[in-house]
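Below, each chain spelled out in residue letters.
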Amino acid sequence: MCNKKTFSLGGIHLNKHKISALSPIQEAGVPPLVYIPVKQHIGAPAQIIVKVGDKVKIGTLLAKANEGISANVHSSVAGEIKKIEEIEAENGYSEQVITIQTSADEYEEGIDNSEEINNDIPQSLEEIKELIKSAGIVGMGGAGFPTPIKTSIPENKSVQYLIINGIECEPYLTADGALMLEKPEQIVIGAKILNKVLGIQNAIIAIDENKPQAIEKITKITKRYIGVNVAVCKSKYPQGGEKQLITAITGREVPSGRLPIDVGCVVQNVATVFAVYEAVMKHKPLYERIVTVSGDTSITTAGNYRTRIGTPAEYLLDLAQTDKSKISKLLFGGPMMGTAATNLHSPINKKTGGLLVLQAQEATKPDESCCIRCGKCAEVCPVGLMPFAIASNLRRNNTAPLKALHVADCIECGSCAYTCPAKVPLLDYCKLGKYEVHKQK
Amino acid sequence: MFKISTTPHINSPVTTQSLMRDVLIALTPAIIVSLLMFGINALRVLLTSVAACVMFEYLITRYLLKAKNTTSDLSAVITGVLLAFNLPSSMPTWMILIGAFVAIGIAKIAFGGLGKNIFNPALVGRVFLFISFPVQMTQWPKPDFLSFMNTDTVTSATTLGILKHIDVSSSATIKASQVSLTELPNYWQMFIGYTGGCIGEVSALALFIGLVYMLLRRVITWHIPFYYVATFFMLTAITWFNTDNIHFEPITNILSGGLLLGAFFMATDYVTSPMTRQGQIIFAVGCGILTYIIRFYSAYPEGVSFAILIMNAFVPLIDKFTPQRVYGTKRK
Chain A
0 MCNKKTFSLG
10 GIHLNKHKIS
20 ALSPIQEAGV
30 PPLVYIPVKQ
40 HIGAPAQIIV
50 KVGDKVKIGT
60 LLAKANEGIS
70 ANVHSSVAGE
80 IKKIEEIEAE
90 NGYSEQVITI
100 QTSADEYEEG
110 IDNSEEINND
120 IPQSLEEIKE
130 LIKSAGIVGM
140 GGAGFPTPIK
150 TSIPENKSVQ
160 YLIINGIECE
170 PYLTADGALM
180 LEKPEQIVIG
190 AKILNKVLGI
200 QNAIIAIDEN
210 KPQAIEKITK
220 ITKRYIGVNV
230 AVCKSKYPQG
240 GEKQLITAIT
250 GREVPSGRLP
260 IDVGCVVQNV
270 ATVFAVYEAV
280 MKHKPLYERI
290 VTVSGDTSIT
300 TAGNYRTRIG
310 TPAEYLLDLA
320 QTDKSKISKL
330 LFGGPMMGTA
340 ATNLHSPINK
350 KTGGLLVLQA
360 QEATKPDESC
370 CIRCGKCAEV
380 CPVGLMPFAI
390 ASNLRRNNTA
400 PLKALHVADC
410 IECGSCAYTC
420 PAKVPLLDYC
430 KLGKYEVHKQ
440 K
Chain B
0 MFKISTTPHI
10 NSPVTTQSLM
20 RDVLIALTPA
30 IIVSLLMFGI
40 NALRVLLTSV
50 AACVMFEYLI
60 TRYLLKAKNT
70 TSDLSAVITG
80 VLLAFNLPSS
90 MPTWMILIGA
100 FVAIGIAKIA
110 FGGLGKNIFN
120 PALVGRVFLF
130 ISFPVQMTQW
140 PKPDFLSFMN
150 TDTVTSATTL
160 GILKHIDVSS
170 SATIKASQVS
180 LTELPNYWQM
190 FIGYTGGCIG
200 EVSALALFIG
210 LVYMLLRRVI
220 TWHIPFYYVA
230 TFFMLTAITW
240 FNTDNIHFEP
250 ITNILSGGLL
260 LGAFFMATDY
270 VTSPMTRQGQ
280 IIFAVGCGIL
290 TYIIRFYSAY
300 PEGVSFAILI
310 MNAFVPLIDK
320 FTPQRVYGTK
330 RK
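Chains as they are written, first to last, in numbering that gives the first Met the number 0: chain A, 0 to 440; chain B, 0 to 331.
Simulated from the structure, these hints should not be mistaken for laboratory data.
Glycine included, C-beta positions come from ideal geometry on N, C-alpha and C.
Misleading hints may appear alongside valid ones.
Claimed, not checked - Computed list of lysine-lysine pairs in PhoX-like fashion (alpha-carbon distance at most 25 Å, straight line):
1. A/K82 x A/K56
2. B/K65 x A/K422
3. A/K364 x B/K67
4. B/K319 x A/K422
5. A/K281 x A/K54
To be verified - Listed next, with one range per pair, are the computed distances between beta-carbon atoms:
6. A/E126 x B/T220: 47 to 57 Å
7. A/S93 x B/S4: 18 to 28 Å
8. A/K438 x B/P315: 20 to 30 Å
9. B/T328 x A/Y92: 50 to 60 Å
10. A/Q320 x B/S4: 21 to 31 Å
11. A/E208 x B/T220: 19 to 29 Å
12. B/F320 x A/Q25: 29 to 39 Å
Stated by the list, open to error - Sample of chain A residues with no beta-carbon within 10 Å of chain B, all distances over it, derived:
13. T5
14. L32
15. K38
16. A43
17. V51
18. E85
19. I120
20. P121
21. Y224
22. A388
23. V436
24. H437
25. Q439
Put together the whole structure using the sequences plus the hints.
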């Protein structure tokens, strides 16, 4: 493990707070009502094909992927559709959800719900692709980009690397780590399947150094599977960023404004790869995922829960014995890039890796003071941007130089704003800058 | 109702105030040495300067600008300590007050306050005093170890003053120079600070301890101190080898005068140094070259203050031409 890989520019060391790192995956069970959003991915919302009053089973298709970028949405429970309504999503905007009153678990035909590991990968490439597509798999690391599109390679491009992202560099989050500990072989088989889809024999599972058990387990298993290997990465934020990970593993840099495929790489999150395994080998659509409930331990018990999509946050928080009266901030996702939720009833979706609770002190943003020109924001930026320059130009309403400052390349990791000693909201300026550059086009 | 905000939801515990506090901690060894060597007069200079800087900042922001009181960020305290460090212990109190006013009122707040000033406030204060009161600014009480209450000290020349004198002396006055030569402190004296000079600059050891602390706490990176001192060392060493003139002896030149104080604590000032690594290196090399030129080829024995102030003026230009390389763009 002497050869730990990492990215070259910037990065920060965060206090990990991985309280639930070794907590086993617990069953969250079935809440009385689930709210399944029809848009849990980047692109067009799926088209609803059910109506109020319909009886559904686990795995029943509720909404069909639209043309272009979209993904299927399935039922995560058995029960009866009560409403198709607009509710307030975690980010405060309204979203369309299918509300289902649940009954005893009953599975759609063909779904293999056993724990038995199946490594007999289907021969037919078409069959595999169809299974992945119909299972509604999207990037579960947070981006929610539909996986079938990411794995269909344009004719003029070639792939050399499939990188499986097991980094989880955000503090508190342990869902991917728990999955790697408990389902290592499934992940490796999932990687084999994707290897096959991409027509390569070079999957690299990237794990950061603070997960020694997962590294050990997966390394052992990869010895039995040709074309899947493990790479150990340094614990540094944002090591799990797609471009940062590509540079760490391959030494290549994705050119500004281009995609990973332009340097021959496809990156998939471990949870996504596990979902691929389940879809192809177990015929299970993506209707559940692992969610870390964590945060301030004085008000919650941290743990990793296998959660049905559509489960309201409140249900999970109750399971974790959270004192809801003390929650000052509720986060969907990690503390660096997650969304601050406006309400307790927002449902867990395919992209939700964590539910974090913070008390008043942690949740309060510090007051901003004058920039002292320390340059630390530029030092930590993993893209090599100069956030101070972006901010000072925007303050003067000077939008002309923004493009040359490459603000469009910002990955919104928040390292600059986290680090700033004057607590200038640098990421807000970068986001504003991106918008301004977009407008100029 | 929950709090909502944009990302990130956590912030580093490092704040402007904590950084400034770390700099003050780093300055503490040099403060202790100044008290040991120059006694109560050093204490007087330090207290006057710090109190005056904080007071001027408070009065001007509060009553003249009617703005938020910014003294809690501790930057005025640092300016006060650094200004005091650049003064001889015999400096009259009223002159220190003038220096503090120039540093805070003119060099800092008139430019817009912390973060907006182009020139290092403490150095502006020092140079203003140096030009206005050249006599008082060049009388150096001899260090008098541990005789704390003794205010009646003999004055001496600084090491650099002696060297400059030797250098300009013709052969006719060689006798006088030989006398001066014996007055030169040895390396050890210069290293621990048993030598004449401004109260904060005398001890290389104390300044080094401060530097190490700042590096460990990641307040600054090693680039500016290293490139500044290294540039200056190379230039003096090359000249020394070529001319065999004792004036250029590099070790003495580094250990004496304000070079280390300047390179560790003044050139590294965030506000008045470039933002990117590449810019910082150019800035530091420039400081080294200018210090060399001023020390050896001007009328002044010392050039650190002028060198840093001149380079301060170039910072906006350096910043403009040294952007960082952006990920996914060509390496230059």
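Against the structure, the hints:
For a cut-off of 25 Å, the pair hint linking A/K82 to A/K56 stands: about 16 Å separates their Cα positions. Our distance criterion of 25 Å between C-alpha atoms is met by B/K65 and A/K422, whose separation comes to about 23 Å. Simply put, A/K364 and B/K67 have alpha-carbon atoms about 19 Å apart, close enough for the 25 Å limit, and the pair holds. For the hint linking B/K319 to A/K422, the alpha-carbon distance of about 24 Å falls within 25 Å, and the restraint holds.
Annotation: proposed proximity of A/K281 to A/K54 holds, straight-line Cα distance about 23 Å (limit 25 Å). Taken as a hint, the range 47 to 57 Å holds for the pair A/E126 and B/T220, whose Cβ atoms sit roughly 56 Å apart. Between A/S93 and B/S4, the C-beta spacing of about 20 Å keeps the proposed range 18 to 28 Å intact. Against the hinted window of 20 to 30 Å, the Cβ-Cβ separation of A/K438 and B/P315 comes to about 28 Å, which satisfies the hint.
For the pair B/T328 and A/Y92, the beta carbons lie near 35 Å from each other, so the given range of 50 to 60 Å is not met. Under the hint 21 to 31 Å, the C-beta atoms of A/Q320 and B/S4, about 26 Å apart, fit the expected range. Taking 19 to 29 Å as the suggested C-beta distance range, the pair A/E208 and B/T220 conforms, at roughly 24 Å. Taken as a hint, the range 29 to 39 Å is violated for the pair B/F320 and A/Q25, whose Cβ atoms sit roughly 57 Å apart.
For A/T5, the condition that its CB be more than 10 Å from all CB atoms of chain B holds, with the nearest at approximately 14 Å. Distance check for A/L32 against chain B: the nearest CB is about 21 Å away, which clears 10 Å, and the non-interface claim stands. Every beta carbon of chain B lies more than 10 Å from that of A/K38, the smallest distance being close to 21 Å; the non-interface claim holds. For A/A43, the requirement that its beta carbon stay farther than 10 Å from each beta carbon of chain B is met, with the minimum near 25 Å.
Every Cβ of chain B is farther than 10 Å from the Cβ of A/V51; the closest lies at roughly 31 Å, confirming the non-interface assignment. Its beta-carbon lying about 19 Å from the closest one in chain B, A/E85 satisfies the requirement of being farther than 10 Å from that chain. Distance check for A/I120 against chain B: the nearest CB is about 35 Å away, which clears 10 Å, and the non-interface claim stands. The Cβ of A/P121 sits about 37 Å from the closest Cβ of chain B, beyond the 10 Å cut-off, so the non-interface label holds.
Chain B leaves A/Y224 outside its interface by the beta-carbon criterion, the shortest separation being 32 Å against a cut-off of 10 Å. Not every beta carbon of chain B lies more than 10 Å from that of A/A388, the smallest distance being close to 8 Å; the non-interface claim is violated. The Cβ of A/V436 lies farther than 10 Å from every Cβ of chain B, with a closest approach of about 14 Å, so its non-interface assignment holds. Against the 10 Å criterion, A/H437 stays outside the reach of chain B, whose nearest CB is about 18 Å from its own CB.
Under the 10 Å C-beta cut-off, the non-interface status given to A/Q439 relative to chain B holds; the minimum distance is some 18 Å.
Hints 9, 12, 22 from the list above are not met by this structure, while the remaining hints are.
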